[in-house]
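Trainee: The chain contents come next:
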Amino acid sequence: MTATPAHPPTIVLVGHGMVGQRFLEALAERGLTGTHRVVVLCEEPRPAYDRVQLTSYFSGRTPEDLSVTDLAFIEEHGIELRVGDPAKNVDRAARTVTARSGLVVGYDVLVLATGSYPFVPPVPGKDAEGCFVYRTIEDLLAIEEYAKSATTGAVVGGGLLGLEAAGALKGLGLTSHIVEFAPRLMPVQVDDGGGAALLRTIEGMGLSVHTGVGTQEILTGADGAVTGMRLSDGSELATDLVVFSAGVRPRDQLARDCGLTVGERGGISVDERCRTVTDERVFAIGECALAADGRVYGLVAPGYEQAETAAATIAAQEASFTGADLSTKLKLLGVDVASFGDAHGTAEDCLDVVYSDSRAGLYKKLVVGRDGTLLGGILVGDAEAYGTLRAFTGSVPPVSPESLVLPAGAGAPAQLGPSALPDDAVICSCHNVTKGSIRGAVTDHACTTVPEVKKCTKAGTGCGSCVKVLGQLVTAQLEASGVEVDKGLCGCFAQTREELYEIVLALRVTSFRELLDGHGREGARGGDGCEVCKPAVGSIIASLAPAIGASGYVLEGEQAALQDTNDHFLANLQKNGSYSVVPRIPGGEIAPEKLIVIGEIARDFGLYTKITGGQRIDMFGARVEQLPVIWARLVDAGFESGHAYGKSLRTVKSCVGQTWCRYGVQDSVRMAIDLELRYRGLRSPHKLKSAVSGCARECAEAQSKDFGVIATSNGWNLYVGGNGGATPRHADLLAQDLSDAELVRLIDRFLMFYIRTADKLERTSTWLERLPGGLDHVRDVVVHDSLGICDELESLMRAHVSHYRDEWAETVNDPEKLARFVSFVNAPDTPDPVVGFVPERDQMKPDLPLLSIGVRRPSEEDLLEGSTRR
Amino acid sequence: MTLAPETTGLKVRLRLTDGWFTACGLHALLPGRGVAALLPDGGQVALFRDREGGLYAIDNRDPFTGAAVLSRGLTGTHLGRPFVASPLLKQRFDLATGRCLDDDGVRVAVYEVEAA
Ligand code: SRM
Ligand SMILES: Cc1cc2nc3c(=O)[nH]c(=O)nc-3n(C[C@H](O)[C@H](O)[C@H](O)COP(=O)(O)OP(=O)(O)OC[C@H]3O[C@@H](n4cnc5c(N)ncnc54)[C@H](O)[C@@H]3O)c2cc1C
Ligand code: SF4
Ligand code: FES
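Just so you know, the sequences run in chain order A and B. Taking UniProt numbering, the leading residue of the first sequence gets 1, the next gets one more, and so forth. Taking UniProt numbering, the leading residue of the second sequence gets 1, the next gets one more, and so forth.
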């Protein structure tokens, strides 16, 4: 006869961090939550959250957003989760755990997942007010609060976490310092060359880095709060706040106290099945464990693997954890840093392949074995190739390693896509998902989109660094399976923007409805379109207006309903519902009389004024009903719309050039004005920016523009595809020593080719990189006329130039359009009472009652202005 | 505050707690584009007309930013239902139910509306 136990066997988990939560999921997957009572002791005041993404709290993620615990899951599986109730001690003889609340739980299996604690070096003053560590949400909340009354912050430790912490302090508006004892930043992950590239870039961002010095003492004021620190070279650094980020140590005290074996340098000793070497009923996983290979892993991926191993072992399945890869890819302060495999080249006889460009802050090193096997590498500044390279580690890549690290342009880089990878290559190392499983998700589980594959395989749901490769694989697999990949513009159109452009041009379609009803998707015909296709089609029709016989005036008829709110009111909407006004100041050149007019208008309407980054003047805080009156005065004084609101030409910046500057070799101001007036009002897939510099010193920053011009003693050099913004890109040289006429003709062709073939909201920089053949192809088309379309491109531009009319001049003379510029249709004289202002620095700023019903969660693809979900 | 009375043609009216309120003439509504109207209690309503002539009225206040701007958003059809996207941070709201399509927890008030 078999005895049925009165109580089901009990598993107690101590620690509900990332690894603990993963362990619970692994138990549930194996059905163990059904056969066992599961009790979780969680020390922190909230259930498990995403510690890896901790820093994203400072970019608007709330603690709730960071949670990785689905409470429905906990409930459904009957897990007893005790939040804020840590384990105090373990009695291994009696097999009980006592919690702080006094609760005593008996266990059959005990799993320790207590993580790490931040190491604080034993320097005098380390406990002073204003000293922090960086590990939990509570730490962040405390730092944020303290930073409100601080101006300077210092981080002790220039490792991975130290840099993240320093970035966070900078984001909080503090002058930030990093103090690192080692001679370089991120000593564990990168080598000297990589450290140097990183240093230059980080200093370039305005952070002060002190390497090769230790922290000797934290200095405090009379009130006991931090005032500075003394460094090992004898110098002092004034600071209001200190964050210690000098490494972590395993939290193994609980284990020590109950007699479990721990390593010399800490960590609970476990075997290959994650069982403690001392007691077969006790397991240790995650950062608190000293694995069988003698290492303590400080990354989530190995911890997850250990969680799976422990759960499998409890379920009496085969599993083992014998070590893991320490690859990491991070975006630290906006700089890509990645290291993978044998990054430091410790294997015998290995060779380094190094590419380094210190000016651009680039450093790439691959470690290759004698037989060509890729062993590991380090990438700083550009980690695009990380996903592919990591997956090739351990094998001989099909192309030479050099070609994988050289930048675009320097000897054709190998376009080695993920399709070249073997099936057992690990794509997502956070969740250990291979290329084979991802393909399987598409072929066997009928997933057709990246979100579906993420859900199905978990790939891409950790640090996110593999999502790009994931997307490429999903598309490739779908195409291989003969599934048509939907590249359509949106839910209403199955065509790309480029295809719609061709349709509009060929069939002379002049209205959105006509295009939607005739060429939209089945279910969308007869409908109202959506916020993605309406402005995109509006822009196509506007770009082609003179050629297809549509009205070029964006407020005419149906066009008005297609425009984003900014174009609809010909001004930029601000956070409180007021608008900004930007008159065009071509080339940044402005006569005193015009400056005075702007000053008078701003004064009369009480507007906030600011010089923009685009060499002109922005007036903020106009109410809708004031726009026509303001513009009537501006138009009178000879100003016209600056199109700061449109996806169209913004500004052509200039330097003062030959006329005044002792170095100038051409008249850059005149050229900038000519170009700005030629392309003003040109509607395009995204905004267009330009600049003209009078000599190679480049004071106008032309190489950061969509099209930039730099004077030479023989004429002009034309650069294209530059970008500032979130993903800066230096422009590429398209042609040299052009005459005025040649320059203009080439820009005409270039812009029209871009407008014709770019995707919606695709700047020239991304377009150039996406186009097959890249710069060479563009040069073939616009310089060598390889497609034979240059005549057409030029004539389209001529039509645009000759039909240009100022939108605001047209609007202030049209009473019907003016009637739209009211806050209320039924009370035209009443201003919107929600629009309010308060004084600041002799001017004013918006006053808006803060509503906090939640911040929209940033997703990978959007959130810049104008960007909408696909 | 002066509420201008409408004199000719069809009127857009919405039902408030104490009866029907005339907001504007139907001609003031451009298909696919909204307008805001001031309510007697100082509140604001955003009015829309789709290309089929359907009328919708929702609260004008964008719950995500606090600004009274929903009437200035782009409208469209999503799975056969009409919506407006906030011009500030682009969250979409179902015009018939007020429900936010991008955040289950959020909705704006809707009003019964007719042309008479
Ligand atoms: C006013 C201004 C800031 C300032 O006070 O100086 C500004 C303000 C805005 N920028 Fe900018 N940008 C301004 C110069 C720049 C510059 C510098 C420049 O042009 O030399 C850049 C980097 C250069 C570049 O674009 O490559 C810049 C990169 C951006 C970006 C990122 C673009 C990108 O490709 O990554 C956005 C977001 C977008 O367009 O999607 C943006 C968007 C915006 C928006 C439109 C965001 C929004 O929707 O509210 C801001 C509205 C302006 C307004 O309400 O009037 N702004 N913005 C500058 C106006 C210049 C002008 O006279 O027109
Ligand atoms: C800012 C930051 C950035 C990071 N970035 C990355 C990255 O990019 N990639 C990467 O791989 N890793 C990164 N890490 C490391 C990663 O977060 C850890 O490896 C991972 O969280 C380890 O999980 P864990 O469950 O072992 O420990 P933890 O997540 O620390 O969880 C342990 C939990 O146990 C609790 N606990 C301790 N003692 C007790 C007790 N006696 N009773 C009850 N509960 C107890 C603790 O309060 C804690 O909540 C980062 C860490 C930080 C802080
Ligand atoms: S770019 Fe050359 S010409 Fe222009 S201001 Fe600078 S130094 Fe002078
Ligand atoms: S590698 Fe981190 S989510 Fe895939």
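I should point out that these hints are in silico values taken from the structure, not numbers from a laboratory. Even glycine gets a Cβ: it sits at the ideal position worked out from N, Cα and C. Hints are not guaranteed to be accurate.
[As the list claims (entries may be wrong)] Which stretches of chain A does chain B cover? Using the computed rule of at least three CB atoms under 8 Å from a CB of chain B, they are: (1) 100-111; (2) 652-662.
[Unchecked claim] Computed Cβ-Cβ distance ranges for the label pairs, DEER-style: (3) A:R265 / B:L79: 44 to 50 Å; (4) B:H27 / A:G518: 52 to 58 Å; (5) B:V106 / A:E129: 38 to 44 Å; (6) B:R107 / A:E129: 26 to 32 Å; (7) A:S786 / B:L101: 41 to 47 Å; (8) B:L101 / A:R633: 29 to 35 Å; (9) A:P833 / B:G9: 50 to 56 Å; (10) A:G549 / B:L101: 47 to 53 Å; (11) B:V106 / A:P831: 39 to 45 Å; (12) A:G523 / B:V106: 42 to 48 Å; (13) A:R633 / B:H27: 43 to 49 Å; (14) B:L79 / A:T496: 52 to 58 Å; (15) A:A827 / B:L101: 26 to 32 Å.
Trainee: Now tell me if each hint is right for this structure.
Mentor: Hints, one by one, checked against the model:
{"no.": "1", "hint": "100-111", "result": "violated (count 0)"}
{"no.": "2", "hint": "652-662", "result": "violated (count 0)"}
{"no.": "3", "hint": "A:R265 / B:L79: 44 to 50 Å", "result": "58 Å, violated"}
{"no.": "4", "hint": "B:H27 / A:G518: 52 to 58 Å", "result": "28 Å, violated"}
{"no.": "5", "hint": "B:V106 / A:E129: 38 to 44 Å", "result": "40 Å, holds"}
{"no.": "6", "hint": "B:R107 / A:E129: 26 to 32 Å", "result": "45 Å, violated"}
{"no.": "7", "hint": "A:S786 / B:L101: 41 to 47 Å", "result": "45 Å, holds"}
{"no.": "8", "hint": "B:L101 / A:R633: 29 to 35 Å", "result": "41 Å, violated"}
{"no.": "9", "hint": "A:P833 / B:G9: 50 to 56 Å", "result": "29 Å, violated"}
{"no.": "10", "hint": "A:G549 / B:L101: 47 to 53 Å", "result": "37 Å, violated"}
{"no.": "11", "hint": "B:V106 / A:P831: 39 to 45 Å", "result": "27 Å, violated"}
{"no.": "12", "hint": "A:G523 / B:V106: 42 to 48 Å", "result": "26 Å, violated"}
{"no.": "13", "hint": "A:R633 / B:H27: 43 to 49 Å", "result": "30 Å, violated"}
{"no.": "14", "hint": "B:L79 / A:T496: 52 to 58 Å", "result": "22 Å, violated"}
{"no.": "15", "hint": "A:A827 / B:L101: 26 to 32 Å", "result": "30 Å, holds"}
Hint compliance for this structure: hints 1, 2, 3, 4, 6, 8, 9, 10, 11, 12, 13 and 14 are broken, all remaining hints hold.
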